[in-house]
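Please model the complete structure; the sequences and the hints are all you need to start from.
Residue numbers (this note's numbering), protein chains in the order written: chain A, 3 to 265; chain B, 24 to 284.
Careful, some of the hints might be misleading.
Pulled a few chain A residues facing chain B out of the computed Cβ check, cut under 10 angstroms [as the list claims (entries may be wrong)]:
1. 85
2. 89
3. 90
4. 93
5. 94
6. 107
7. 109
8. 154
9. 189
Pair ranges (Cβ atoms, derived) [what the hints assert, rightly or not]:
10. A:54 / B:119: 40 to 48 angstroms
11. B:98 / A:28: 33 to 41 angstroms
12. B:183 / A:53: 36 to 44 angstroms
13. B:269 / A:15: 51 to 59 angstroms
14. B:119 / A:117: 47 to 55 angstroms
15. B:137 / A:72: 57 to 65 angstroms
16. B:184 / A:82: 47 to 55 angstroms
17. B:42 / A:90: 51 to 59 angstroms
18. B:30 / A:54: 45 to 53 angstroms
19. A:90 / B:43: 50 to 58 angstroms
20. B:182 / A:53: 25 to 33 angstroms
Far from chain A, some chain B residues (derived; all Cβ distances over 12 angstroms) [claimed, not checked]:
21. 40
22. 201
23. 256
Keep in mind that the hints were calculated from the coordinates and are not lab data. The C-beta atom is built at its ideal place from N, Cα and C for all residues, glycine as well.
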Amino acid sequence: MSLMVAPILQVTAPRLVRLEEVGKTFANGTVALTGVDMDVRRGEFLSLLGPSGCGKSTILRLLAGLTGPTHGWINWSEQEHELGFVFQEPTLMPWTSVFSNVWLPLRLKGQSRAVAKPAVMEALEKVGLAGFANAYPRELSGGMKMRVSIARALVTRPALLLMDEPFAALDEITRNKLNDDLVALKCELGATVVFVTHSVYESVYLSDRIVVMAPRPGRIVAEIEIEAPLPRAEDFRLEPLYVERCRETSAALHRAMSHEATL
Amino acid sequence: MTRREIQRYALPAFALIAALVGWELVVRVNQIEPVILPAPSLVLKTLIGDWTVLFRSLLVTLTITLQALIAATIGGALLALVFARFRWIEEAFFPFAVIMQVTPVISIAPLLLVYLSSGGAVLVCSFLVAFFPILSNTALGLSSVDHNLLDLFQMYRASRGRQLLWLRLPSALPYFLGGLRIGGGLALIGAIVAEIAAGSAGQGSGLAFRIIESGSRLNIPRMFAALVLISLTGIFIYLVLSALSYLLLHRWHDSARRRET
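Following this line, the structure appears as structure tokens:
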């Protein structure tokens, strides 16, 4: 994977999508989100951090158009926007090959196998799995399956990549490697990423910006900018900025949790 | 031959041969009359000697079983698709499905004989018992699709037809094949049970009828010969359906793969 250093994103970076006063109440009366005001800026790596039940995944589903808000608005800067989604599980179709799994988004757009082949192979190459196009998902390790899932999300060259705790089920070594590869890919493609995570350290290492959320009802309680360019090397974990932002994020998360306890 | 192969093939073959030899010895040593218990050698002799009659009956039973199984497969799979698409039809049909499933086929057979010809009644009985496992398994498979994959198809704005063809049908395939394997065995049982009911009304010429007829004539070796043919038919249906299942699933589904050790 080729590495490119991206400039630090400014607050003034053009907006890709804006959530205004967004609320979501489920049919059973559960209030999943309330009063969410949030911008996703073009080209940024944005992490949504918070405890279970704080509505992180609901925000991803709203952005993906899988559900609609019960209050407020979601305004996209462009009407037509390509999206990619990576779930917590690899979510591959086990009955077909790696190639066909990655081909799926293009196939659903009406592209034949022959037409889609260059894009599919390029996506597989980017995640380091070009040699496994004919393999079946069950022949791959957990980390490799996740790479296929990322290749499938990237094959349409999406403006926004939505990732719902994609590496949570993997071991730490694989997770760190995939995190580095993901940031390198994001920089290379200039994609915007919204990344859901439970981990303070992961979010500070990966993100341009972290949105900290509190549960019951899900809402935003803090926004933290990480002013270091992406991609970051392993040494970044030793820098004072990293330590300081981890401390800040951790404190914000702690406040979010204690606020929940007093509710 | 590896130890595993010996365990898998040689051991059951040896056990079967030992049982047959034991049976033969018990009959010969105790000089048991064929009318009480025929020796395996006599059963084999009867099978060869009465082959023309028995084979004709075998064809009748096999044809009915296969016709019923094909009808049950098409009917069960199509109705499962309708259930998956229209939930209200599934809910409306549910009490009928439960009633049909819990009512023993042997108790319906005489009633069917009142309304239908004996051939028709046997076919319907066989169809009814094979139909429900195929229907319920396929319906379960169609509704057990990974929700994240459904989300993915929705996000990429897949049409209902493509979602069915590329997602729901392959997801349901292992369930459908499981239902088909159960249905295959049950179709034969249904046909035999219905033939027995029809046979008692003095009709039919399938294998079950041959058993009843031979019993009433005290031709016990022929009863055993017909029984052997029924077992072999059941084994044949099971093997064909297992092979089909293996062909379709062995590359991806855990049920058709050997566990790595």
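C-beta pair residue 54 of chain A, residue 119 of chain B: status relative to the range 40 to 48 angstroms that was hinted: holds (43 angstroms)
Hint check: 10 angstroms Cβ-Cβ cutoff, residue 85 of chain A to chain B: At about 6 angstroms, which falls below the 10 angstroms cut-off, the nearest Cβ of chain B leaves the hint on residue 85 of chain A intact, so it holds.
Supplied contact hint for residue 89 of chain A, tested at 10 angstroms Cβ to chain B: holds (5 angstroms)
CB-CB spacing for residue 28 of chain A and residue 98 of chain B relative to the 33 to 41 angstroms hint: holds (39 angstroms)
Hint check, residue 94 of chain A versus chain B [nearest Cβ-Cβ separation less than 10 angstroms]: holds (9 angstroms)
Restraint satisfaction for residue 154 of chain A [CB to CB of chain B, less than 10 angstroms]: holds (8 angstroms)
CB-CB spacing for residue 15 of chain A and residue 269 of chain B relative to the 51 to 59 angstroms hint: holds (56 angstroms)
Verdict for residue 184 of chain B, residue 82 of chain A (Cβ pair) under range 47 to 55 angstroms: violated (24 angstroms)
Hint status (Cβ of residue 109 of chain A to nearest Cβ of chain B, threshold 10 angstroms): holds (8 angstroms)
Interface hint status, residue 107 of chain A versus chain B (Cβ within 10 angstroms): holds (5 angstroms)
Claimed clearance of chain A by residue 40 of chain B, with the beta carbon kept past 12 angstroms: holds (39 angstroms)
Hint check for residue 90 of chain A and residue 42 of chain B - Cβ pair distance inside 51 to 59 angstroms: holds (54 angstroms)
Of the numbered hints listed earlier, those contradicted by the structure are 9, 16 and 20.
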